[in-house]
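Starting from the given sequences, assemble the full structure and let the hints guide the process.
Residue 19 in UniProt numbering is what sits at position 19 of the sequence shown, and the numbering runs on without skipping anything.
Hints in this document: simulated from the structure, not taken from any laboratory.
Glycine included, C-beta positions come from ideal geometry on N, C-alpha and C.
Honestly, I wouldn't trust all of these hints.
Computed spacing ranges between beta-carbons, pair by pair [claimed, not checked]: (1) A121 x G6: 16 to 22 Å; (2) E31 x N52: 14 to 20 Å; (3) E79 x L119: 31 to 37 Å; (4) E31 x D114: 29 to 35 Å.
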Amino acid sequence: PLTPNGKLDRKGLPAPDPSQLQQHYVAPETELEQQIAAIWAEVLRLPQVGLNDNFFEVGGHSLLAIQITSRVQAELGLEVPLVEVFQTDSLRAYAQAAATFRAGTAEDFDDLRDFLSELEAI
Numbered sequence: 001p002l003t004p005n006g007k008l009d010r011k012g013l014p015a016p017d018p019s020q021l022q023q024h025y026v027a028p029e030t031e032l033e034q035q036i037a038a039i040w041a042e043v044l045r046l047p048q049v050g051l052n053d054n055f056f057e058v059g060g061h062s063l064l065a066i067q068i069t070s071r072v073q074a075e076l077g078l079e080v081p082l083v084e085v086f087q088t089d090s091l092r093a094y095a096q097a098a099a100t101f102r103a104g105t106a107e108d109f110d111d112l113r114d115f116l117s118e119l120e121a122i
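Here's what the structure looks like:
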């Protein structure tokens, strides 16, 4: 569905169907995959997220991607660039990319946290 301006009407789209996720669910295997899956599930408000799930296909969007990036850094200490959410096609691929990043200082993400706080205040 489109808005009168010709843009995608996201409100007109059906909500993701969790029952479809259950049919193709592949459980996270490693500790990192399990931790990231838990973050994704909480941010996306889904009961579970599997290894083959694509962030955007299960209901994610750019603002939620920012939350994912911030929480992965804060909770797991991994400085995974935001672009990885967009460039990887599954939780498995995202976890593999995340494993290559290690945390720097907390100051590196202060701007991102401030921006996220501003977005949440809107």
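How the hints compare with the structure:
1. A121 and G6 have their C-beta atoms about 30 Å apart, which leaves the hinted 16 to 22 Å range violated.
2. Our hint of 14 to 20 Å for E31 and N52 holds, since their Cβ atoms are close to 19 Å apart.
3. Distance hint check: the CB atoms of E79 and L119 are about 20 Å apart, inconsistent with the given range 31 to 37 Å.
4. Taking 29 to 35 Å as the suggested C-beta distance range, the pair E31 and D114 conforms, at roughly 30 Å.
Checked against the numbered hints above, the structure breaks hints 1, 3 and satisfies the rest.
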